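**Q** Chain by chain, the residues run as shown.
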Amino acid sequence: MKYNWNWGILWQTSADGHNSWLMTLVHGLGWTLSAAACAWIIALLLGSAIGVMRTTPSKWARRIGNAWVELFRNIPLLVQLFLWYFVLPEVLPKGMGDSLKQMAPPWGSFVPAVIGLGFFTSARIAEQVRAGIQALPPGQGMAGTALGLTLPQTYRHVLLPMAFRIILPPLTSETMNIIKNTSVALTIGLIELTAAGRSMQEFTFQVFEAFTAATAIYIIVNLVAVTLMRWFEKRVAVPGFIGPAAVGGGAH
Amino acid sequence: MGGFDFDVIERSVGYLFREGMTFTLTLTGMAALGGIVFGTLLAMMRLSSFRVLAIVATGYVNLMRSIPLLLVIFWFYFLVPYIGAWMTGSSQPIQVGAFASSVITFTMFEAAYYSEIMRAGIQSIPRGQVSAGYALGLDYWQTMGRIVLPQAFRNMIPILLTQTIILFQDTSLVYVLSITDFLGAASKIAQRDGRLVEMYLFAALVYFVISFSLSVVVKRLQQKIAIVR
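From first to last, the protein sequence lines stand for chains A and B. Going by the numbering used here, the first residue of the first sequence is number 1, and it counts up by one from there. Going by the numbering used here, the first residue of the second sequence is number 253, and it counts up by one from there.
No false leads were slipped in.
If you anchor each label on the Cβ, the simulated ranges turn out as follows:
| # | chain 1 | residue 1 | chain 2 | residue 2 | range |
| --- | --- | --- | --- | --- | --- |
| 1 | A | A146 | B | L285 | 51 to 57 Å |
| 2 | B | F302 | A | E233 | 28 to 34 Å |
| 3 | A | P93 | B | L457 | 19 to 25 Å |
| 4 | A | L22 | B | I335 | 23 to 29 Å |
| 5 | A | E70 | B | A372 | 21 to 27 Å |
| 6 | B | F302 | A | T212 | 24 to 30 Å |
| 7 | A | K94 | B | V468 | 38 to 44 Å |
| 8 | B | K471 | A | P152 | 26 to 32 Å |
Treat the hints as calculated values from the structure; they're not laboratory data. Quick caveat, the model's predicted, so the values are computed rather than measured. We treat Cβ as the ideally placed atom computed from N, Cα and C, and that holds for glycine.
Turn these sequences into a full structure, and let the hints steer you where they fit.
**A** Pasting the structure below:
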């Protein structure tokens, strides 16, 4: 068994003719991070709204919230991306569907990837937001009502500020997950980091250099993200409360 | 959209389940079994008093958890033939089938996640029980095998099952190796007959029904175990 290592390949010109292979991977990282960031915003907004709905007294809001979470949690991400990419343009009215299909690359795969990832992750965030709100003593909500706050005011000023602090650690792992899950978008043609590593492998046959480089980049991104979230957690910590306990489980 | 064609599903349903779903379920079952066994060993290594073992296991788990499953799939797809050659002493990378390659990949990958669960499970057993085991003259493996692990495992069954549902969904990613798992089969029919809408919606429905029913079972089980305690 023999494998010819050639790390110099990273500095050689890539298939696009002017950048090095390392730059190709860095470009991929750029797409990974931008898709993850956009999807993260969608997921946080939608997830918070759905999570709050699941804790309100309204039966219908709770039902819709639960249905949302079950729907997006029980279908594989890959299938969800296929639905957004292949199926949605077909079931929309013809004009809209065609304009979706004709989006210039890479937007044609970037947009469905962001929407798909955002919706998929929103279900997981909703679950954590709900757990965070329910982890608070019920007296806090009642105290809000006793002070004459309306329900939205109670959420805005009493429940959510603490709930979000409680769920920061699981939100950190969700941030990692969304970065890692961006790789699934390579199946609908987004050239993110994993896809860039894969194309380097296909063109150069230097399998292990390509994957090692991609792996190293993912590890660095992970370390940076964890450090940033830790710092943020410390910054927003409310004095007098011990470190928040972990909520939720399961991953990727 | 030229009308929803139920016929294409009816025509292909046998192929989808006989070929595709069988592959998906076998892969899920074998990877779950292998992953739990290897994951438990990893958890024991992480909690052991041998520093080297603990560091190796922690490094492995953290590595697996920080890179995407798709990259792991690609890694193992190319790495396994070399490891096989190294183990058999052959001079050429040995041929490994798509099925064996995916079973190894998912076992190794999911072991990292199962090990975190089993570690929590082992740590949920009071230290005193381990000491009691040693006081009775049992060795490490007897204490683990007869006292700690059965309880740890039982406490963690719902979470292990939840992770297995995630594994079941994750197996769809073997699509990138052009393997005929359930999604791969659906996708082949979809492309052959030009029926993407029907096939992908049907695939989504099947995955949803299976995952959702399993999660309901897990919820029931959780309540049952909670009452017994």
